[in-house]
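Participant: Given next are the chains, with one letter for each unit.
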Amino acid sequence: MACIKIALRFLLKSLILSIIMMMQLSITIILANFLLGKYNALSDVLRITDNFSGYDTYMYMPASFVFNSDSRNDNLEHLLNKYKSEIIFEQSVGGFYQANNGTEYEVYALGDTTSRTLTDSTINGKWYADAECLYVPCVTYQDHDLGDIISLVMDNHVIEFQVVGTVSRRANILKFHAASNKPVLEHMFANNGENSPYSLLLFNQADIPYEFDIIADNSALVYFNTNDDVIREKIIQEFRNIAWFVQLEDARIESEDQFAIHLKTLTPMIVSIFLVGLISMLCLTVLNSIRHMRIVSIYYIVGMSWASHFGSFIIYMLLQIVGVCLLIGTFLFFNKILNIIPMELVMLNESNINITIVITIATIAIALLAQIYMRKKETPVKYIKESW
Amino acid sequence: MIKMINICKTYNKNRRNEIKVLQSLSLTVEQGEMIAIIGPSGVGKSTLLHIIACIDSSDQGEYWMHDRLISGLSDKEYSKIRNKHVGIVLQDFALIEEYTVLQNVMTPLMFGKRIRRRIMKERAQAALENVGISELLKQHVWSLSGGQKQRTAIARAIINEPKLILADEPTGALDEKTTDDIMQLFTKLNQVGHTIIIITHDPVVAKSCDRVLFMRDGVLYNEI
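Read top to bottom, the protein sequences are chains E and V. Under the numbering used here, think of the first position of the first sequence as 1, with each following residue one higher. Under the numbering used here, think of the first position of the second sequence as 1, with each following residue one higher.
Take these hints with a grain of salt, some might be off.
Said to hold, decoys possible - Simulated pairs of lysine-lysine, DSS-like, Cα-Cα distance not exceeding 30 Å:
| id | chain 1 | residue 1 | chain 2 | residue 2 |
| --- | --- | --- | --- | --- |
| 1 | E | K377 | V | K20 |
| 2 | E | K13 | V | K163 |
| 3 | V | K177 | V | K188 |
| 4 | E | K382 | V | K13 |
| 5 | V | K188 | V | K163 |
| 6 | V | K20 | E | K382 |
| 7 | E | K13 | E | K377 |
| 8 | V | K76 | V | K20 |
| 9 | V | K76 | E | K13 |
| 10 | E | K376 | V | K80 |
| 11 | V | K177 | E | K5 |
| 12 | V | K13 | E | K376 |
| 13 | E | K5 | V | K76 |
| 14 | V | K138 | V | K177 |
| 15 | V | K80 | E | K13 |
| 16 | V | K121 | E | K13 |
| 17 | V | K84 | E | K13 |
| 18 | E | K377 | V | K76 |
| 19 | E | K5 | V | K121 |
| 20 | E | K264 | V | K80 |
| 21 | E | K376 | E | K13 |
Keep in mind the hints are simulated off the structure, nothing from the lab.
Excised from the complex, chain E in its bound form (with noise of 0.2 Å):
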């Protein structure tokens, strides 16, 4: 009990600073979040290239500004029915729509082979399960309950989905950066984030039995049926004549340079700002502790123990912890309205969560070195001699 009322006061006496330490740390941990989501959001992008292996798959883009729209499409079209056979070309689709209860949905058919691609690493949940014959499945985000029915309107036809999967937060889908001169894989969902104001929603086209008009996405992935190398290769030269054609591990070859100089600039970042954290955590521990000594002091000579002493001082830090979780929770709940940095980039996910239990560990017992040092440097005894 003494301990926590000797913890109060040294929080109450030292309050400015103490908050100072607390805003230290919590700092610390939102930039390190931030930038961990940013290094997780482009290495997720790789990670589902992996997806794809057992596909003999392509890529391909209709770069407008290379090459003449009209004509690009009247050749892939022609490509497409001249190569029907040792192809399937499958090119995401899609549109906003609105629920009758209002919600507004960014819409994604997929391909049917791209949907079997796409399971288990990006999706949580189940991915195109059974759902009853009445209703459309689809996948959702997590706000979504398994077994929800969506209603929506699609150029005048009433279609009801049923909520079959749940994505995480950045559902990664391979496409083409779209102002990118090099073939670089970027996901299609990055900004699907909590302050979207669409919920996304996705479904296999082949689901549906009717075309609706909605965008085509810009890039499109080209599965092989055929293992005739000859033939194969003249696919891909015509492909390349009329747009990009890139083999998905050229262009994964491509993203991982891309990822590398991200790196370079990431990495410096985020040691530093640990870094900064450490040093500055270190500094204000001693300051802290300084400040202490001559009540800490007192409190000695009236009956309190050593023991007592270093339980007023984990519990003082343990009240620092709960502040930082305070300052944390409010600053994503202001970033929720004013979007300061994007929430799917501070994101606590698996790995983030662990390098900020790492941040905090690290800082925390820097902070206790820092106190036992210095009390074993300058005891109650030391400063009650050279003071009194």
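We have chain E; now place chain V onto it with these hints.
Facilitator: Coordinates of chain V only, in the frame set by chain E:
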């Protein structure tokens, strides 16, 4: 009440700047005595007081208090003795300036047996009445005079009703008039049964005590 046999204390042991502060010091103090320890600066008076107060421990020798061997006890036991059996008064008062007189006086009660706040207040008020400043209980320490601060420190020292009160230069920061008042207070406390040991440079203070011990080179030499 107190028996110290061959107490030794050395600082910076086995280093170039090793200082032998106390050398085979022996001391016996009976219950109800009021003793002054005088001597030049740096002879180990304060170190002796710290050992008696269980703030510090000796390297060698035996220290007995109320027929109990104190030397070698744990930190927890030492803290209990500081809290229950010893009251300490220092030249610099050792008060928490931003707290009120009442809060300062109640501080030792935080570390003893848990008692209700109302009882804590009553005991603090009684201690403050004993030292004659009960009207100041709500005042902050920073607003008090030196004499009032020292009375507050004495009230804090007696709140747990310890048998032994130790004072290290309690009048060192006070003027002549206040010194007299504080010494009268110590005499009054001694008369009601507290054993008092005062470290001082002031011969006037020493004169008010029953027994005066002279310390030099870590040894208590003379009884004046």
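Participant: Verify the proposed pairing of K188 (chain V) with K163 (chain V), using a straight-line Cα cut of 30 Å.
Facilitator: holds (14 Å)
Participant: Assess, step by step, whether the Cα of K13 (chain E) is no farther than 30 Å from the Cα of K163 (chain V), and give holds or violated.
Facilitator: Outside the cut-off at roughly 33 Å; violated.
Participant: Just to be careful, I want the Cα atoms of K377 (chain E) and K76 (chain V) compared with a cutoff of 30 Å; is the pair within it?
Facilitator: holds (21 Å)
Participant: Under the criterion that the straight-line Cα-Cα distance not exceed 30 Å, is the pair K377 (chain E), K20 (chain V) satisfied?
Facilitator: The hint holds at about 21 Å.
Participant: For a C-alpha distance cap of 30 Å, please report whether K20 (chain V) and K382 (chain E) respect it.
Facilitator: It holds: about 16 Å lies between the C-alpha atoms, which stays within 30 Å.
Participant: Is the hinted pair K76 (chain V) and K13 (chain E) satisfied, with a Cα-Cα distance of at most 30 Å?
Facilitator: holds (26 Å)
Participant: Is the Cα-Cα distance between K121 (chain V) and K13 (chain E) 30 Å or less?
Facilitator: holds (22 Å)
Participant: Please work out if K264 (chain E) and K80 (chain V) have their alpha carbons no farther apart than 30 Å.
Facilitator: With a Cα-Cα distance of about 58 Å, the restraint between K264 (chain E) and K80 (chain V) is violated, given a limit of 30 Å.
Participant: Under the criterion that the straight-line Cα-Cα distance not exceed 30 Å, is the pair K5 (chain E), K76 (chain V) satisfied?
Facilitator: Holds. K5 (chain E) to K76 (chain V) sits at ~18 Å (cutoff 30 Å).
Participant: Compare the distance between the alpha carbons of K376 (chain E) and K80 (chain V) with 30 Å, and conclude whether the hinted pair is satisfied.
Facilitator: holds (21 Å)
Participant: Against the 30 Å threshold, does the CA-CA distance of K5 (chain E) and K121 (chain V) hold or violate the hint?
Facilitator: holds (17 Å)
Participant: Need the status of pair K76 (chain V), K20 (chain V): alpha-carbon distance at most 30 Å?
Facilitator: At roughly 27 Å apart (the allowed maximum being 30 Å), K20 (chain V) and K76 (chain V) satisfy the hint.
Consistency with the previously given hints fails for numbers 2, 11, 20, ordered from lowest to highest.
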